[in-house]
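J.: Chain by chain, the residues run as shown.
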Amino acid sequence: MALKALDIYKLLPKKNCKECGDPTCLTFAMKLAGGKADVDLCPYLDDTSKTVLGATTRPPIRLVRIGVGERSFAVGEEFVLYRHEKTFYHPPGILFKVSDAQIPDEIASVTKRVRDESFIRVGADLRFNGIAIENTSNSADTFAKSVETVEKMADLPLVLISSSADALTAALAHCGTYRPLIHAATNKNFKGMCAVAKQHGCPLVIKARHLDELGQLAKDCTAEGVQDLVMDLSPASLRDFISLSTEIRQLAITRTAPDLGYPVYFDATAGGMQDAGIVIGILKYASVIVTNPLLPSSAKAALTLRQNVYTDPQKPIQMNPGLYRVGTPGKDAPVLMTVNFSLTFFTLEGYLESTRIPCFMLIVDTEGLSVLTAVAAGKLNEILVRDSLIKFGVESEVSHRSLIIPGYAAPLSGRIEEATGWKVLVGPRDAAEIGEFLNEEWKK
Amino acid sequence: MGFNVHFDWTGSIGEVILGATKSDGGSRRVSYRIGGGTTLPFLDKNPSSPAPLIAFEICDNPVFWSPIIRNYCGELVNNLQEWAKAGDATYGADMIRLYLTSTRQRNFSDFPAVGKAVETALSATSLPLIIEGSNDPKIDSDIFQKCGEVGQGERLLLGTAEASRYRSIAAAALAYNHALIAQSPIDVNLAKQLNILLREIGIQRDHVVIDPYTGTLGYGFEYSYSAMERIRFSALKGDTDLAMPMISSAPDTLTIKEVREADLDGQDDMAVKWEFYTSLAAAVAGAEIVCVRHPKTIGMLKLAFASLKTGTGSMEVT
Ligand code: B12
Ligand code: SF4
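Protein sequence lines correspond, in order, to chains B and H. The opening position of the first sequence corresponds to residue 0 in numbering that gives the first Met the number 0, with each subsequent residue numbered one higher. The opening position of the second sequence corresponds to residue 0 in numbering that gives the first Met the number 0, with each subsequent residue numbered one higher.
Hint data in this document are derived by calculation from the structure and do not stem from the laboratory. Treat each hint with caution, since some may be false.
[Said to hold, decoys possible] Derived SDA-like pairs: lysine to any residue, alpha-carbon spacing no greater than 20 Å straight-line:
| id | chain 1 | residue 1 | chain 2 | residue 2 |
| --- | --- | --- | --- | --- |
| 1 | H | Lys256 | B | Pro234 |
| 2 | H | Lys308 | B | Pro234 |
| 3 | H | Lys256 | B | Glu352 |
No experiment lies behind these values; they were computed from the predicted model shown.
Chain H on its own, in the form it takes in the complex:
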């Protein structure tokens, strides 16, 4: 007989470059070119994109971090330099995502400290970085300006633009040539609208990574899964306003009941499995970057992604 699945797709996912090596004017040891897919994840005969990237999430004020991770990582969480280094050298992540949680205080204004934190992360690891700004629109402008400036030349991925607040981050991305994350709550049309807004103020398509918002397993994941599939289809069908790679991070994973109430000696394992199941499923739906907080999830995901990947891969842009 001889069959072949035929989807009649004409579009492809746009490519975004993250991280800049010396030859591109940065100091990263690798730079990733993500996107480029022409079909569903893991169906490409010759994938142009690397296996999904695993970003390890850390922060500059661990008070806001899950006790599970604080227990597991111990003293590390109080030392940004060492924590970032461990994410790279010990745990084996592909990227480090730094949340500037120190900014989550009333009337925060210590912007130099924010620059310092970004510098520390840049010096601790030579992996490409994702930098998450503040939670407060009032200080967005100063925060993103600082992050953009400190990371100049490094092709950071800056987070997170939303429909109600995207100007400051867009300005920083434009001024210093960084990529940015565009987040909308689990809806194809909202994702598209935001991308249009960004395009209209001058952000190039190859500088945007879509975050369709990931509800964790059991708490909205079914919606996120379908939203990601739909975004991917729209892109493959030729909608260029949705043809960007996606990032998935399920921030609620470590606080849901199943993880929070797990037996103490099984809690790490529960957290890891919940992150693993959510992340792998998101990758199957189309996420090119998955973010986790538990170090042990990284190894598990790496193994799984390795077996899902074919070809020797143009993993690194040289």
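This is chain B alone, in the form it adopts within the complex:
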């Protein structure tokens, strides 16, 4: 049950010392009430108040950061079960798995791939997030060596998978300060695992088969001083994962079971249907997904699905409207009009670049709608085009008065000509044909 700001305020030290980053204890209390601050920020809070407040004011799912630096990622702090209710905030980290029984060259090449590979879609740089190293050799030494191999090549977030505290200790000698995620504490070994995690300040995966065991384990581990937990539900099947994970998300966001308010870990390789595992993991609330290195096809599909599902449904990814240049266009360069939906912009820009014809792109504000959608919704119209031509000073940039519009906007061509006084050329519908079009229609 959530506490009101005033109830929280009563428990605070009332020093108004600003050390929490807020001007007064009261504003801090208001933030806590909204789930927007962490009780740990106030250094003067006594332990009893901390426990009382901790459970009710922190976000329903704890934010856990894995790794350090540029490639680190944070998961958790989610508030809804369905993206259309608000949005999903923290996309799952997807990590490629290697085994310490593999030869170092293989481990190095997977590491290099995760370090360097990137897939650019609608202006976003999509990447896999890190490496999960599994201690299948059962040797602490081999495990440590493999971790060293990875560490030497890249500053990537890691998951260290081992049931041996000794192996983990040996591995942490190489990466202990970089916040790798440790996998996993069970109700048998949690004391040892917590000691290791605590010593290095690492997040820890807890693993149990039943939700009540998981909740108990979470309690035990926080009592041991490890707060940054991630939960492995050890599902028996994909279906089992869907129901457990849905149940946990539901219980956590309604604060019915605060002890389950942690991000979820999912090994997509279990069950032998990795692609299916990745889809289900992304859709059904996994926050850390471990998979074998993916073929290029699966890699692109997985990153795209993650990008789609974690896009804010209230606002499409948009560009700022304006006049953009491709190459260094001169006064006689063509002007192509399009909408400010990022997907449209980047698709068109890609094709324009490959034509090697310098040109201007006039991006008009359709509130992020694609061409056809904007036309259907009446958002793309002659007034908008006229105002945009003026606003972005296109007349002074070029010596001609010809505007190329998308093929799907053809029904508007007459009205645009009337409203702007510019001559309108209707381009192809598919941007892939823009090179041919410019060569034939513009050059002549």
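Dock chain H with the ligands against the given chain B, drawing on the hints supplied.
T.: Relative to chain B, chain H with the ligands alone:
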């Protein structure tokens, strides 16, 4: 502790029967009863609906089909009989969806040929069929009349009704007792409106499958995914005008940049993965039928659906 997710839902998804076996007056070897869900996909303890059905899409004039599929299937695409048969026997689909692409010519009027194509598909496979009519409202009436007539008794699923053109298809569905697909562009309210229009002209709820329009992965899929989830909720919350099973087909999958521009030797794989990721995600959002064009996607989806299904299932209506 002992928890259980509780959603307080009272409604359920209506059921639709596709395909008719001998005992129902048809010639199909199976008939499917889809729908019946009372919660989110794959959460039912005892699902009444079978695992999502996989429909293999083919056409009667392959000029309009993706070169990727034409290359992969080779000569098959020029032989409707063999192509449909392969979809069933070789590739293992649950349904065959025939697009009458031959009608996409100026002033098309060879309606007997359309009847012939439907007959061919019916004889090539004993799976339930989905028949996609024309692209041109002017010939809808003749096309659907013909399809309905030829498929009489077989409980076809006829496609596709839209808000601006649903009368011809509805007439054929009513006259010959077929089910139909009702498509609206990615919006719960539009889906509902269309269903109301259909209800008002006499189409029973148990004869409608909703197509909320599936934008493929990376090209609108996020909208489709949420629209499907919302349609499912509205149904579970008791809105009977949205309580129909859904079908998902992402027609753009094979033409998007990632697939079109893939290396030639990796292109099939890219197409298959794109279809697979889109279809599985659509099934998770609530689609009871997913449609694919690449034969290799079918096997992958089958495996995934098998692991997502529980119970021995009342898969077939007997
Ligand atoms: C995703 C989607 C939506 C999303 C919005 C996504 C967005 N940000 O725009 C949502 C769900 C919100 C939506 C809403 C609507 N939609 Co909608 N939507 C789509 C969908 C599936 C994909 C659109 C897309 O992302 N395309 C990809 C981008 C990159 O395409 P593009 O912008 O056209 O750019 C291409 C070309 O135009 C060209 N190009 C672009 N710029 C330029 C410039 C020049 C100079 C040249 C030469 C070429 C060029 O290059 C690009 C690549 O080839 C399409 C179906 C489809 N397959 O197109 C329907 C579609 C566009 N929508 C449609 C409709 C009717 C609507 C709504 C009116 C209905 C409703 N649901 O209320 C609303 C209107 C919006 C509103 N009122 O808010 C219809 C339009 C019908 C028509 N022919 O007019 C479509 C075709 C679906 C259908 N078959 O019914 N939609
Ligand atoms: S740090 Fe604590 S005592 Fe100081 S202002 Fe913030 S809440 Fe009040």
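J.: So which of the earlier hints does this model not fit?
T.: 1
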